[in-house]
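There are 2 protein chains.
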Amino acid sequence: MFIAEKGIDIPAVEVDLRHEEQLGDAFRAVNPRCTVPVLELDDGSVLTESLAICHYLESQFPDPNLMGLDGQEQAMVIEWYERTVVDGFLAAAETFRNRAKGFKGRAITGPDAYEQIPQLVERGYHRLERYMEALDQRLGDSPFVALERFTLADIAAFVTVEFAGWVKMPVAETWPHIGRWHGVVAHRPSASL
Amino acid sequence: MFIAEKGIDIPAVEVDLRHEEQLGDAFRAVNPRCTVPVLELDDGSVLTESLAICHYLESQFPDPNLMGLDGQEQAMVIEWYERTVVDGFLAAAETFRNRAKGFKGRAITGPDAYEQIPQLVERGYHRLERYMEALDQRLGDSPFVALERFTLADIAAFVTVEFAGWVKMPVAETWPHIGRWHGVVAHRPSASL
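For the protein sequence lines, the chains are A and B, in the order given.
Under my numbering, the first sequence has 157 at position 157, and the numbering climbs by one with no breaks.
Count along the second sequence from 1, then add 193; that gives the number in my numbering.
One thing to keep in mind: the hints can contain errors.
[Stated by the list, open to error] Partial chain B-side listing against chain A, Cβ under 10 Å, derived:
| # | residue |
| --- | --- |
| 1 | 229 |
| 2 | 232 |
| 3 | 233 |
| 4 | 267 |
| 5 | 312 |
| 6 | 329 |
| 7 | 361 |
Note that these hints are calculated values from the structure, not bench results.
Ideal placement from N, C-alpha and C gives every residue a C-beta, glycine not left out.
Whenever a hint applies, use it, and build me the whole structure from the sequences.
This is the structure in structure tokens:
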């Protein structure tokens, strides 16, 4: 979604997560953490964290700006990106991966087999609700998540709201400000890729 | 540690975590997430994520550089900061907070009371070991964590290694490259504050 918003064209290799291609030797040689996404730079170095990848792309392709124009704006984008990942996205992953049959023995991303822990299903769901409450309050005060305009923080929050749908959380119906904002973001061409 | 490395002077307010001051009304009015650290800016806006705080301070006080000089360097710092937080620091917190008596009903930071889950003690410990293996491999190839010089990534990793000591993981003895690097970082004046 970040790449689409930038309007740049990067050679892409799909990794078949459904068939656990990320755990195979070929992908492991690229990223031993066995996670996606990965960005390989021209000098061969590899970035495996979304925020690092986006920061690098922002530095190379500054327009349109998606991560803030000055230090304070950038800090606000990082603030909401980090909150969204830790309080929202990881909570959603916790409830989803500890419940879904397809994730038996795969409760955490990466090369190791971690068994599901049933108590985390409820805990993750509750944590995700608390994140949505905070996001809704924020979107009552601000048209977009971090700044007055669309940024990476909106992408992270949008993906987290979509992910919440996987665990049947009725986000847009429950939290009106998120509902309003979600409708706006969902209409961006980058959201339908 | 970041502020000390910058050599800047910021008015500080200590929050008494031992007596749960972070859960009281006064602190909650500043940060409803009930977490530290927090940076209040002159315009009243508040940052509650360490990476956002450091990014803001780096933009205002660029010397000495602690987060990279160009987009690629900065991306490497963010890469290792994020890996350290998610794979290392949060894993250490998971094993520690789910075991220590003082954290009964406080298994996750924030305003909500989450009960300890015994299975997370072992899982967190194992995840932390895997992070240390990856860090050790990295420090076999590079004098410091993200770049050839000391950066924010070293601060995050140093704090995580110290935190691992709380759960009795003998990090410096087990992983020789971490041991070498830890000795270097521990001698910085900022490490003894």
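Against the structure, the hints come out as follows:
| no. | hint | in the structure |
| --- | --- | --- |
| 1 | 229 | violated, 15 Å |
| 2 | 232 | holds, 9 Å |
| 3 | 233 | violated, 12 Å |
| 4 | 267 | holds, 6 Å |
| 5 | 312 | holds, 5 Å |
| 6 | 329 | violated, 13 Å |
| 7 | 361 | violated, 21 Å |
Hint compliance for this structure: hints 1, 3, 6, 7 are not met, and every other hint is.
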